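Student: The primary structure of each chain is shown beneath.
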Amino acid sequence: MADMHDYSLPDARGHFGPYGGVFVAETLMPALEELRLAYEACREDPHFVAEFEYELKHYVGRPSPVYHASRLSDKLGGARILLKREDLNHTGAHKVNNCIGQALLARRMGKPRVIAETGAGQHGVATATVAARYGFECVVYMGSEDVKRQAANVYRMKLLGATVVPVESGSKTLKDALNEAMRDWVTNVSDTFYIIGTVAGPHPYPAMVRDFQTVIGKECLEQMPEAFGRQPDVVIACVGGGSNAMGIFHPYIPHRGVRLIGVEAAGEGIATGRHAAPLTANSPVGVLHGNRTYLMQDENGQIIDTHSISAGLDYPGVGPEHAWLKDSGRAEYVAVTDAEALEAFHALCRYEGIIAALESSHAVAQAMKIAPTLGRDKLLLVNLSGRGDKDMHTVAERSGIRL
Amino acid sequence: MSRIQSTFQGLQATGRKALIPFITAGYPDGALTLPLMRALVAGGADIIELGVPFSDPMADGPTIQRASERALAGGMSLRRVIDIVRQFRAEDDTIPVVLMGYANPIEAMSQELFVAAAAEAGVDGVLVVDYPPEECSEFTALARSAGIDQIFLLAPTSSERRFREVAEAGSGYIYYVSLKGVTGAGSLDFDEVAQRIPKIRAAVGMPVGVGFGIRDAESAKRIGAVTDAVVIGSRIIEEIEASSRPQTLARVETFVRGIRAALDESAGT
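Residue numbers (this note's numbering), protein chains in the order written: chain A, 7 to 409; chain B, 967 to 1235.
Derived by calculation from the structure, the hints in this document are not laboratory data. Since we're looking at a predicted model, the values are computed, not measured. Don't take each hint at face value.
[Unchecked claim] Straight-line alpha carbon distances no greater than 25 Å define the calculated DMTMM-like cross-link-like pairs of lysine to aspartate or glutamate that follow:
1) K178/A with E1086/B
2) K1165/B with E1131/B
3) K1165/B with E39/A
4) K178/A with D995/B
5) K178/A with E1204/B
6) K154/A with E1035/B
7) K178/A with E1131/B
Use the sequences and the hints to build the structure in full.
Tutor: In structure tokens form, the structure reads like this:
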């Protein structure tokens, strides 16, 4: 394993080893350069940092607690399962942390219009929320399949004043929404800020989104010793693009004794090919959406359709830093099926009174798998990245119930 | 001298401008791509840009997106595109062919195998939309040593430092994207183009073609008056879309001939 004490990736051009980079059409290069310079100035600016922290405290409601899921832990026997409650944030997921950061940056840069892509709708809702909060015009691109799956979130975005554009091209899911948002940005680059919701895309997005999300892991570093006397043995988070996972992993990277486990969506099972787990399935490395990373693709380099019960994990690529963490061995990546995630979803409902997002239920499922194999003195910290209200229809449908 | 360089030299000697039509390989189907290339030549094309379809064409508007989806549904692939060029080259040894597409199909094949196969088939140039010069130095070296010109894009947003960077990495010609946006998008700003092109040409020392937003004889003529080459893409795809199969070839040829005539008129020949 590489020495992680002075971990400082990406390099100046946005590379995490062979991954990341800036693979976009020339039209966007100056916009990305402008963004990079603005972001680098802001992150060193105490006023910007103070404003970001103020908003996280008073608008988002941070810090989010670390909660000991004691009934679930007792039921399973073995390690104690602790939940980092990002579901309690305003708008119901970790996504808002990053949106606040990028919105403050957009305001600094004088951009009156923000755009976003969304899968499950959580990032779209968070973007629409901050757009209302700071007075931006807001357009959200969403695959038409996801618009159907996530009707409640579509309505939320509209209530918040955003225009939701259903995307009919390609597989009509998150990746196509990203393509369309990129096209909008190319066309309206002078007055528009593109708020990417995950740790993917061209540099500086993977690093910038990660930095805004590291508030999750930094809080854990303080909360764990206070509440539980020490840092966790294992940190577990779900990985689609991977922003909640990078947010909680990153501050723990130098803590060599802490195992980091990223949980991808195995869908109907890795062997069926119907999944969204490029790291676990060891997919070939390729270029999509501005960065080089592991990518689900056919032998001709065409991106293939992915599958997950959770729209937020239904993405063929993964953030480049996760690709690097996999290769370096610092983090492990596993995958959990739709059925296992649903089981975890129901368990958390019944034993803890917490309705988790299906995305986060993947991480809970992994914790439920390994907790019984470990002693009671072990601590598993799970990033509960979002709440599950948005998934009521999906879960009910799976149970044969029509709402 | 590359086929692209000698084409531009020949045109410059007669004061004419290059007409570079674009079609998506495999649209409307794989069998029609080679006949369409012949129709483009018959209509007066100087260079052919052949689009390699990709599942996620981020820089393309709805017209080329639709064409790409249809081509992929019909089984088109990068290897098959190279085969089509090989067939074209067997019957036409003068008209340069430039492959235009995205990085991932090339990386899936491997840069080395792609460059070797493309050079062997008679591909003259490659334009990879999402390979800016700083991300593809190995590819640039491979293409150069195989005698393939790598064409780079410049945009209205590009800095003068950028002009020099693409001049160093690229060869053949520069493709100036005449508007902010995706292929097939709205109207272009003639004055902006007229102002920028001389600066770019002076900085890059190679011919400059203009594309994105050229839709008819009139816009081709106006752009042709200030540049070395005119690229026309989405409008040709629309022509194919709107035609019934038996008429497709004749209709495309007639359309290209109309643009050719307008271009030659602007050059005063």
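Student: Each hint should be assessed against the structure and marked as holding or not.
Tutor: Results of checking the hints against the structure:
1. K178/A with E1086/B: violated, 38 Å
2. K1165/B with E1131/B: Given that 25 Å is the threshold and the Cα spacing comes to 14 Å, the pair holds.
3. K1165/B with E39/A: holds, 22 Å
4. K178/A with D995/B: holds, 23 Å
5. K178/A with E1204/B: Roughly 23 Å between the alpha carbons, so the hint for K178/A and E1204/B holds.
6. K154/A with E1035/B: Measuring from Cα to Cα gives roughly 22 Å; hence the hint holds.
7. K178/A with E1131/B: violated, 37 Å
Taken one by one, the earlier hints fail for this structure at numbers 1 and 7, listed in ascending order.
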